Amino acid sequence: MSRFADVYVKNNKYRINGDFHHMTPNLPIRDADNGMKLLGVTNPREMTYIHSYGGEAVFFESLSQGKLMATRCDSKNCDSKGVIYQPFRIHCPDCLGKNTIFDMTDIAKKTSKIYTFMVCERSGAFNILEKPIKFINIEFEGVPTILMSYMSLGEPKFGLKVVPIFKKQDPSYTIVDLSWVPAGTDKKDLPNGFSF
Amino acid sequence: MIKFSKEQLKAPRFLRPVYLVTAGQSKFDRAMPDKRTEEICVDALTMAAELINVSPAELKSYIHSCYYGHFADHFGDQLLGEALIHDRLGLDPLGNVGVKTGGATGGSTLWEAAKAVASGYSDCVLAMGWERMDEVPTDEGNFLISCAADKDWESPLGHIYTGYYAVMAQRYWQIFGKAEDSFRRTLAEISVKHHGYARMNPWAQAPMKITVDDVLNSPVVAYPLRALDCCLMSVGAACAIICDEETAMKLSKNSPHKPLRIWVTAGSHSLRPADRLNMEIPLLPNETAEQYKDMEKRFPGADRYPGFTGFLGARMCAHYAYGMTGIKDPTEDLDVIELHDAFTISDVQSYEDIGIRPYGQGRTYVESGDCYHTNPKTGKPGKLPSNLSGGLIGCMHAVGATGIMQAFEVASHLWNRWAEFHGDEKRWKKFDRQKPADWTDLQVKGAKRGLAISHAGVGSHVTCTVLMDPDHVIKKDA
Numbered sequence: 001m002s003r004f005a006d007v008y009v010k011n012n013k014y015r016i017n018g019d020f021h022h023m024t025p026n027l028p029i030r031d032a033d034n035g036m037k038l039l040g041v042t043n044p045r046e047m048t049y050i051h052s053y054g055g056e057a058v059f060f061e062s063l064s065q066g067k068l069m070a071t072r073c074d075s076k077n078c079d080s081k082g083v084i085y086q087p088f089r090i091h092c093p094d095c096l097g098k099n100t101i102f103d104m105t106d107i108a109k110k111t112s113k114i115y116t117f118m119v120c121e122r123s124g125a126f127n128i129l130e131k132p133i134k135f136i137n138i139e140f141e142g143v144p145t146i147l148m149s150y151m152s153l154g155e156p157k158f159g160l161k162v163v164p165i166f167k168k169q170d171p172s173y174t175i176v177d178l179s180w181v182p183a184g185t186d187k188k189d190l191p192n193g194f195s196f
Numbered sequence: 001m002i003k004f005s006k007e008q009l010k011a012p013r014f015l016r017p018v019y020l021v022t023a024g025q026s027k028f029d030r031a032m033p034d035k036r037t038e039e040i041c042v043d044a045l046t047m048a049a050e051l052i053n054v055s056p057a058e059l060k061s062y063i064h065s066c067y068y069g070h071f072a073d074h075f076g077d078q079l080l081g082e083a084l085i086h087d088r089l090g091l092d093p094l095g096n097v098g099v100k101t102g103g104a105t106g107g108s109t110l111w112e113a114a115k116a117v118a119s120g121y122s123d124c125v126l127a128m129g130w131e132r133m134d135e136v137p138t139d140e141g142n143f144l145i146s147c148a149a150d151k152d153w154e155s156p157l158g159h160i161y162t163g164y165y166a167v168m169a170q171r172y173w174q175i176f177g178k179a180e181d182s183f184r185r186t187l188a189e190i191s192v193k194h195h196g197y198a199r200m201n202p203w204a205q206a207p208m209k210i211t212v213d214d215v216l217n218s219p220v221v222a223y224p225l226r227a228l229d230c231c232l233m234s235v236g237a238a239c240a241i242i243c244d245e246e247t248a249m250k251l252s253k254n255s256p257h258k259p260l261r262i263w264v265t266a267g268s269h270s271l272r273p274a275d276r277l278n279m280e281i282p283l284l285p286n287e288t289a290e291q292y293k294d295m296e297k298r299f300p301g302a303d304r305y306p307g308f309t310g311f312l313g314a315r316m317c318a319h320y321a322y323g324m325t326g327i328k329d330p331t332e333d334l335d336v337i338e339l340h341d342a343f344t345i346s347d348v349q350s351y352e353d354i355g356i357r358p359y360g361q362g363r364t365y366v367e368s369g370d371c372y373h374t375n376p377k378t379g380k381p382g383k384l385p386s387n388l389s390g391g392l393i394g395c396m397h398a399v400g401a402t403g404i405m406q407a408f409e410v411a412s413h414l415w416n417r418w419a420e421f422h423g424d425e426k427r428w429k430k431f432d433r434q435k436p437a438d439w440t441d442l443q444v445k446g447a448k449r450g451l452a453i454s455h456a457g458v459g460s461h462v463t464c465t466v467l468m469d470p471d472h473v474i475k476k477d478a
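Chains A and B are the protein sequences, given in the same order.
Numbering-wise (our numbering), the first sequence opens with residue 1 and increments by one.
Numbering-wise (our numbering), the second sequence opens with residue 1 and increments by one.
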C-alpha cells in the first residue's frame, strides 16, 4: 500500500514520510520490421522531488493569503536603490544586498496592465491549467520588471487593465495560485477557489 | 537602466590565431531507435576525419582536450554522458568538460574549444555536441524543455516553453509587425524557405515542398505561431576540430580544403523575460543613435529596449564578434550565415539583433530577397543567404549539436565543398533518404566569410561564430 510522500522541516532538516518513488516494470521495445528483435526497453519512473523556495517562500505563502509580495533594494549606496522587483528577487542584482520585502497587492490592484500575451493551444505533460492557456505579462506602475502569469477570464490584449486573483481555497502553493481577470470582473464569476 | 563599463564592452582577443580544420555530423532525425548516442557521435567524428583524408585514429592522435555540448541530461536520461561518449570515442585519459547552455549549447561548445586553443592550453581540440530527444514522446518532451524556464515562476504555467517564448513574439508581431497580414505571410515565407532548402540537405530531418498558405493553414501552437513556424525536436551529433596554425597545417596536408580562421563570442540575458530592465540600445558599427531616436513614433509601443522584442544576448555577442574580427556591416562583409530560427519570428528578431537590418525593419531582409541563395525577385544571387541548411525549422535542432551543425554548414560554403557534401548520392542512400529530382546546388559562389548564431531559450545565452578564409580576414591582427 503506497502513500503520498510528505515532508516537513525540523531543526533545519528534512523529515520525510511516505513513498518517494513508485515501481513500474520496464517493458521491451521490439522492431516490428525486423522479426521483433529487441531494440531497447522502456524506463518508467515516478519520483517525488523535495524543493525549497528558500527566501522566496514568503511570496508563495502570501499568494494563499491574497497578497502579492515584491522586493525593493533599500541599500544606501546602490545605483538600484528604490528599484522594485516583481518577480520577487531575494537579492539586489546590483549590490547583492538583501532586498526589503513588501506587500504590493494594492499597487497591483490599481495599476496592472497587460504588456504582452499569448494564447497557447498546447501544453506539456503535467500541465494543470485549462487550455487554451492565456499567458499574460503584466506591467505595474513604478515597477521596471514585467511579471509573467495567466488570465482566467476574458480575452487578453495590450494595455488591458487587469487585477490579481488568488487561490485561497485549496492552494497549491505554486505560481498558479496567482491569476488575473479584467478590472471590473464580478467576484461571482471567478474560477472555483479563487478570490480577490 | 542597465549600464556597462568600458571594461565589460572591450573587444575580446585570442592570444593566437585559431582554425577550424574539419567538421562532421550524423544524420538528423526525430528518433533513432536503431542507434545509441555513441554511434551518432562516432558517425560525426569519422566524417570529420574523412573530409581531410586522415584516419580517425590519426585525427585523434592530435586531439589534446575535448569539449562536449549536451544540454538535456533528463532527455537522454544519462548524467555524465560526456564521460561515456569520451570513453567510447577512445579519447581517455584526455581532459574533457561538458557544456550546457540550452539551445546555444553547440555554439558555447565551440566558444570553449576555441578559447582552449587561443590560450595555448591545447593545440588541437575536439568540440562535439549531441542531443537525444527521442527518449520521451512530444508532450513529455515539452515538459522537459519547460524545465529550462524558471521552475518556480514559469514552468508550472502550462509546462510549455513555446508559451514563454511566444509572449515575446506577440509583442514583436503587434509592435514591429503591426499585426499585418503581409508580415504574417513574410514569416510563413521563412518556413517555406527553410523547409525548401532542407530538401537539398541529406542530413535534414524535415524537407518539405510547401507554400505560404500551407504554413498559414498549419495548426496553431500559440497564435500567431503555427506548427510550421516552429523548430524541430531532433536526435543527432555534430563535431568540429579546432587547432592552432601549426597543427592546422599539419592536419591539412592531404585535405582538399584549407583550414578556416574561427572566432567565437558569447552574450547573455536573463532566464526570465520578466526580469529585463530597460536600457539604451547598444549600437553595432553600422548603426547610429540617430536612427533610433524616433522609434516610438514609427512603432508605437516600442518604448523599451530590449523589452520583449530584442535579444540583448544576441546583440552583445555580435558586438564582441564584430569588434574582434573587424566586421563593420554584416551584409557587406559576410557571404553566408546560419541563424537560430527557433521560430520564424525569432529569425526576424535575429536579423535586427546582429545588425543585418535596423531594429523594426527585420522583415525587409526577407522581403527584399537578400536572405535567399537566389533572390526570387531578381534571379540573381541573394546578398547574404541565410540558413541554406534548412536551419532549425527544416534541418534539425538536436540542441547540443545545433551550433556546430551551423558552423559545418557555413564552412562547407567557404571550403567550396557544399555540393560535394550535400549532393553525394551515397550519403542520401546511406541515410535512406530520396534525393529530389530537382536537387539544386546551393553553394554560395566565392564565399569567403560567414557567421552562425546559436541561441538559448528566451535569449539567456547567445553565441556568434565567425569563420573566414585565412586569406580574406578583415582585421589583420584579429
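Incorrect hints may appear among the rest.
Stated by the list, open to error - SDA-like mimics (lysine to any residue), calculated; alpha carbons at most 20 Å apart, straight line:
#  : chain 1 : residue 1 : chain 2 : residue 2
1  : A       : K131      : B       : T138
2  : A       : K131      : B       : A437
3  : A       : K98       : A       : Y53
4  : B       : K151      : A       : T48
5  : B       : K6        : B       : P282
6  : A       : K67       : A       : I101
7  : B       : K151      : A       : H51
8  : A       : K157      : B       : A179
9  : A       : K67       : B       : R36
10 : A       : K157      : A       : K168
11 : A       : K113      : B       : D438
12 : A       : K157      : B       : Y223
13 : B       : K151      : A       : K157
14 : B       : K151      : A       : F60
15 : A       : K113      : B       : P300
16 : A       : K157      : B       : E180
Source of the hints: derived by calculation from the structure; they are not laboratory data.
Computed from a prediction, not measured in an experiment: that's the story for all the values here.
If you test the structure against every hint from before, which numbers come out violated?
Checked against the structure, the hints that fail are numbers 2, 9, 10, 11 and 13, while the rest are satisfied.
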